[in-house]
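Using the hints, position chain B against chain A.
Below are the chains, spelled out letter by letter.
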Amino acid sequence: MASLRDIKNRITSTKKTSQITKAMEMTSAAKWNRGVLNAKAFVPYMEKIQEVTASIAIGAGGVNHPMLKHRPIKKTGYVVITSDRGLAGAFNSNVIRRVHQAIQKNHKSNDEFAIIAIGRVGRDFFVKRGYNVVLDIVGVSDQPNFQDIKDITSATVGMFSDETFDELYIYYSHYISAISQAVTEKKLLPLTELSTSHKLMSYEFEPSAEEILDVLLPQYAESLIYGALLDSKASEHAARMTAMRNATDNAHELIRNYTLSYNRARQAAITQEITEIVGGAAALE
Amino acid sequence: MKTIKVSVVTPDGPVYDDEVEMVSTKAKSGELGILPGHIPLVAPLEIGAVRLKKDGKNEIIAVSGGFLEVRPEQVTILAQAAEKSEDIDIERAMRAKERAEQRLRDQKAEHYDFRRAESALRRAINRLSVAERR
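Line by line, the protein sequences are chains A and B. Using the numbering used here, the first residue of the first sequence is number 879, and each one after it goes up by one. Using the numbering used here, the first residue of the second sequence is number 485, and each one after it goes up by one.
Just chain A, with the same shape it has in the complex (with noise of 0.2 angstroms):
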């Protein structure tokens, strides 16, 4: 059995450990309750902008946008959001391993995929495989902006465009509720799955109807990563803080057992001095 003293040390040092991990579940809690705002706050602009995309895209019917429009695929776009920082559970290996199987799948070398990655995890992951990462972002705060991610949402879009890609997915963490996210697999150009559900609207166009699409289609296909970001931003402190609240009470768990295992330790150390004291009295007798 282990030393009254190690098992003393072992307490001490797991209960700091638990400190910690309560504290980065309190702070993860604050991050995702604002996380979740601001998702919910990017939800009527996104709503607004797909219906006017949709409605423009389809009602103008003959209008053929080269984002709009299936070309040979020769090389595949993937974006991949993750996050910075670890410790958030199974969140960025989930994504990571998906990702990694679509492209083991669908591409037998480097030359017929790009990788945009989004948090430092992702990234040094397909960098360190050789993968082909095109374009990276680090650092990204909790709180995104909009103009914060506007340089590679506008790369990647541009990407697109000339033709250094023919098909855009994107992976993500989506958000469902605090202890479940779901990665996400979604097709961002071209944009051919665009519907809507509101009656069609016969706009007049001012100047026409391909210039409103040039600027409309790439800053809808920017705010759908957006929208991504800020989703995954969501999931990635719910996940991290369903980890941390496991961690914490795994952490008081072990407390438990050693404390137990201490108290034993403690009396039958006890006893074997009683013992002894007995047995030295009766030697002497």
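Keep in mind that the hints were calculated from the coordinates and are not lab data. All figures in this text were calculated on a predicted structure; none of them were measured in a lab. Positions of the beta carbon are idealized from the N, C-alpha and C atoms, including for glycine. Check the hints yourself; a few may be wrong.
[What the hints assert, rightly or not] Here are the in silico distance ranges between beta carbons for each label pair:
(1) Asp1002/A - Arg606/B: 36 to 44 angstroms
(2) Lys952/A - Glu505/B: 52 to 60 angstroms
(3) Gly521/B - Lys986/A: 57 to 65 angstroms
(4) Met578/B - Lys918/A: 44 to 52 angstroms
(5) Gly964/A - Leu612/B: 42 to 50 angstroms
(6) Ser1032/A - Arg555/B: 23 to 31 angstroms
(7) Arg583/B - Lys1006/A: 33 to 41 angstroms
(8) Leu612/B - Lys986/A: 49 to 57 angstroms
(9) Ser1032/A - Gly517/B: 27 to 35 angstroms
(10) Leu612/B - Lys900/A: 40 to 48 angstroms
(11) Lys538/B - Val921/A: 24 to 32 angstroms
(12) Gly517/B - Ala901/A: 52 to 60 angstroms
(13) Lys1064/A - Lys512/B: 29 to 37 angstroms
(14) Arg600/B - Lys900/A: 43 to 51 angstroms
Using the frame of chain A, we list chain B on its own:
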């Protein structure tokens, strides 16, 4: 007086939502004034001010990267960034203006992306001019 519902939404949340008498702004193709009952219209906006007339008073919103969608009973402005004149952080806009001017001056030396600096400058100037008129 007849009114029309106006909402200004950005990726960071709704900025304005109210009934007004008239909306006037500058679209890529020229000045636009919208009264209730306008025909459906979509137009991209310049970086500039949106003026909303309500009860004889004017409210001004600085908008960049925006779109205007008009329906007979509603006007929606979708923008990448929009601020009401009283919400503008003048100091920040000043700093952004100086930064952009600096970059435009250094442009030859550093080969900085000219168009980005220019539009940053336009946004900053727009914010300042809207803030002045509050």
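Problem set entry | Numbered hints the structure breaks, given as an ascending list | 4
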